[in-house]
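Keeping their order, the protein sequence lines are chains V and L. So for the first sequence, the numbering used here puts the first residue at 1; every next one is plus one. So for the second sequence, the numbering used here puts the first residue at 577; every next one is plus one.
No wet-lab data here; the hints were simulated from the structure. Some hints could be false.
[Said to hold, decoys possible] Straight-line alpha carbon distances no greater than 30 Å define the calculated BS3-like cross-link-like pairs of lysine-lysine that follow:
#1 Lys707(L) to Lys131(V)
#2 Lys747(L) to Lys509(V)
#3 Lys519(V) to Lys747(L)
#4 Lys408(V) to Lys330(V)
#5 Lys238(V) to Lys519(V)
#6 Lys509(V) to Lys695(L)
#7 Lys683(L) to Lys509(V)
#8 Lys509(V) to Lys757(L)
#9 Lys747(L) to Lys707(L)
#10 Lys330(V) to Lys168(V)
#11 Lys519(V) to Lys98(V)
#12 Lys182(V) to Lys131(V)
#13 Lys757(L) to Lys519(V)
#14 Lys156(V) to Lys747(L)
#15 Lys103(V) to Lys695(L)
#16 Lys168(V) to Lys270(V)
#17 Lys156(V) to Lys683(L)
#18 Lys757(L) to Lys156(V)
#19 Lys509(V) to Lys707(L)
#20 Lys156(V) to Lys707(L)
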Amino acid sequence: MVLKVFFPSCCSVAESGILIGRWIPEQNSAVVLAVVHFPFIPVQVKQYLSEVQQVTKVSVAVLGSWSNSKQEKEESLSEFLEDLGTIFSHEPWIQISKEGDSKFWSCSTLQKRSSNPKEEEIILVYYDQRKVMLSHLHPPLDTATSADHRADDASKLSAIFDTVAKSKMLFMTDRYDDGPIKLTHWQSDGIEASIIVELMKQASVPACMLLAFLLSLISGVCRSRVLKFWPLSFLWSKLSTCEQLGHRLQHLQVISSGKKAQTQTQLMRKANIFVSLLIDVTLGILLMSWLYRKNRIGHLADTLIPMADHVAEELQDLLQWLMGAPAGLKMNRALDQVLGRFFLYHIHLWISYIHLMSPFIEMILWYVGLSACLGLTVALCILSDIIALLTFHIYCFYVYGARLYCLKIYGLSSLWRLFRGKKWNVLRQRVDSCSYDLDQLFIGTLLFTILLFLLPTTALYYLVFTLLRLLVVIVQGLIHLLVDLIDSLPLYSIILRLCRSYRLAAGVKFRVLEQRDGKPLRLLMQINPLSYGSVVQTYRLPTYSCYPRDSWTSLCKKLFLGELIYPWKHKGEKQD
Amino acid sequence: MEERRYRSAAGAPIALRCRQHSASCRELAVRCPRLQLRSLSAVTSAVWLAAYGLFVLSENSVVLSAAIFITLIGLIVYLHFVKIDQESLLVIGSLGIQVTSSYASGKESTTFIEIGQVKDVVINEAIHMQKVIYYLCILLQDPGDPQGVSEVVPLFQSSKPRLDCLIEVYKSCQEILEQRKTAPQSS
Chain V
1 MVLKVFFPSC
11 CSVAESGILI
21 GRWIPEQNSA
31 VVLAVVHFPF
41 IPVQVKQYLS
51 EVQQVTKVSV
61 AVLGSWSNSK
71 QEKEESLSEF
81 LEDLGTIFSH
91 EPWIQISKEG
101 DSKFWSCSTL
111 QKRSSNPKEE
121 EIILVYYDQR
131 KVMLSHLHPP
141 LDTATSADHR
151 ADDASKLSAI
161 FDTVAKSKML
171 FMTDRYDDGP
181 IKLTHWQSDG
191 IEASIIVELM
201 KQASVPACML
211 LAFLLSLISG
221 VCRSRVLKFW
231 PLSFLWSKLS
241 TCEQLGHRLQ
251 HLQVISSGKK
261 AQTQTQLMRK
271 ANIFVSLLID
281 VTLGILLMSW
291 LYRKNRIGHL
301 ADTLIPMADH
311 VAEELQDLLQ
321 WLMGAPAGLK
331 MNRALDQVLG
341 RFFLYHIHLW
351 ISYIHLMSPF
361 IEMILWYVGL
371 SACLGLTVAL
381 CILSDIIALL
391 TFHIYCFYVY
401 GARLYCLKIY
411 GLSSLWRLFR
421 GKKWNVLRQR
431 VDSCSYDLDQ
441 LFIGTLLFTI
451 LLFLLPTTAL
461 YYLVFTLLRL
471 LVVIVQGLIH
481 LLVDLIDSLP
491 LYSIILRLCR
501 SYRLAAGVKF
511 RVLEQRDGKP
521 LRLLMQINPL
531 SYGSVVQTYR
541 LPTYSCYPRD
551 SWTSLCKKLF
561 LGELIYPWKH
571 KGEKQD
Chain L
577 MEERRYRSAA
587 GAPIALRCRQ
597 HSASCRELAV
607 RCPRLQLRSL
617 SAVTSAVWLA
627 AYGLFVLSEN
637 SVVLSAAIFI
647 TLIGLIVYLH
657 FVKIDQESLL
667 VIGSLGIQVT
677 SSYASGKEST
687 TFIEIGQVKD
697 VVINEAIHMQ
707 KVIYYLCILL
717 QDPGDPQGVS
727 EVVPLFQSSK
737 PRLDCLIEVY
747 KSCQEILEQR
757 KTAPQSS
């Protein structure tokens, strides 16, 4: 079978020595982690390896010998290297030798216990140690969900990535350390601005504790009984601003928790939440600074009242149109007038309330605008709530029209059954035949006729107000979509994929390097980064709303029957 | 390393290049038909004529600059995301199979399938509109069921070579895949 040797590219210039790493017998491959240089004492090397094995839980062993000679190969050196194979008994003993500056190395194996001394083919795979150590291999999404994953079915690549990642401790020894053993492996060249990073790490612990304390205070206040009384709790559940603030509070709690993130997913989630909050607050503060300059709040308040007036006037015109002969249809005059006057009176009331509030609008807007510093999402939620409050009369009209229409439809269907001599059996939940008395039939038929001929009028009012309500719902829905986008986008992961694409690996890719006959096959293993779509899908932050609540058919059915529709569902709400 | 000419399913000329790196490593690359200058200039002149017609109607010079902008952006998007220049298959016995598509702008998209997941490489038939075309595909092993196939990965989807080219590629792949069945297990 073919023998695969994974060799780190940083060790290509190392002095002669012995190779240490991990041997994976199921795949017939050897992962070389470092080179130990001459001179060394074998006992010390074995001791060091057992220490490393204890800490990293990776079965590190001596795999073979490495000779980097500047001159021609010496016979005595090769014999010495073969003799080393007897001291560190490892099956098979790999011997790699490099002459001068040649790119093509010769690689051979010594099998002592095998029955057939056949020459097996050797593949030499170079890998970048630092990148493989830092990267995280993402399994394809469909296999990640399958729970029955046996250890020997695990992919070969993940075994190699795991080996290098877990041996991080091995890579911590510095080349300038004066110990009994001299190693060559990937060396960190020091990180720029590491002092700042250290200071931030030191400062983050008390900051987290302070934040956690403040958050516990705030959540204690929120959960107190005062705010649980019926009108207030109903109000909090209806306002989307409170939902968004609660969501952000949860995020802050996740960030400020004292435990360090254990897995990669937890770490990425924390980082994503942190970056998302940062961007949110920055955009909110930018918005706030823009709003408060040049007295824009004042202008906004000045245009708000005339706009509400304008909407009310348009509604009045619409009702006058409906009370006449809308689109050429002939309405029932009496019902028309009743409904029209009823709605006109509501509009009159609404206008009076708006005018009552008009002196305070500017001050309220000024203080409400200050809360934009909590984040752009909060500002958008406040905008959506303001729209909901300003169009409250449209919502009321929709509810009145829908209830009236719904009653009418149910009445009509029940009387239609009476007309045909049938009845709805509540016990059996089906339609049964029934014999009615003559006076029952008479009154039923009369009522049926009345309801039927009044249907167009009610249906038209219902249609008009449903369309208006749907318009408002669509506007609010767009705002919520934007808020959800800002909430759930994993910005840190996207920036990581952009700048350090080797950290998020979907797999590997191989490049065939120059070959020469008689020498082993040379391949370069590089990291294949995840695509942006999979990055977003894997690291999306969960949000509190789910769309769509109803499918299109059930929505149309509800509209036809006159049932009230609530298109946007929040996860905390009960089903109705 | 030799290059042979074949035809794609639509009749355009394509070239197959086969390289043997070692006894268990082979690279097969199919070069797709190039971007034709004729079609490029036809599309560009059509868009610009339409834009000029709009400009004559509306007297707004924004239309002309928008047309130039759209043509440039469209060309860049086409070269970077749509037009595939070469599709290659790298078969390394005992490691896996690597499928690479290189786009006209130089971008390369690679997928590597480990040898443990590969069940077989076969030529399948497909009915496409009024034609029957052949395509080469890799069958992936189902981890739970030794006889089952979990996924079919079609190869050379953009160049669509005909059966004669596919048979060459199939024979090369099978020679290497057979080695893993006949090779003795390591002790």
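Taking the hints in turn, this is what the structure says about them:
| no. | hint | verdict |
| --- | --- | --- |
| 1 | Lys707(L) to Lys131(V) | 48 Å, violated |
| 2 | Lys747(L) to Lys509(V) | 24 Å, holds |
| 3 | Lys519(V) to Lys747(L) | 26 Å, holds |
| 4 | Lys408(V) to Lys330(V) | 19 Å, holds |
| 5 | Lys238(V) to Lys519(V) | 74 Å, violated |
| 6 | Lys509(V) to Lys695(L) | 20 Å, holds |
| 7 | Lys683(L) to Lys509(V) | 14 Å, holds |
| 8 | Lys509(V) to Lys757(L) | 24 Å, holds |
| 9 | Lys747(L) to Lys707(L) | 25 Å, holds |
| 10 | Lys330(V) to Lys168(V) | 84 Å, violated |
| 11 | Lys519(V) to Lys98(V) | 11 Å, holds |
| 12 | Lys182(V) to Lys131(V) | 23 Å, holds |
| 13 | Lys757(L) to Lys519(V) | 24 Å, holds |
| 14 | Lys156(V) to Lys747(L) | 27 Å, holds |
| 15 | Lys103(V) to Lys695(L) | 35 Å, violated |
| 16 | Lys168(V) to Lys270(V) | 23 Å, holds |
| 17 | Lys156(V) to Lys683(L) | 27 Å, holds |
| 18 | Lys757(L) to Lys156(V) | 18 Å, holds |
| 19 | Lys509(V) to Lys707(L) | 35 Å, violated |
| 20 | Lys156(V) to Lys707(L) | 41 Å, violated |
Of the hints listed earlier, those the structure fails to meet are numbers 1, 5, 10, 15, 19 and 20, in rising order.
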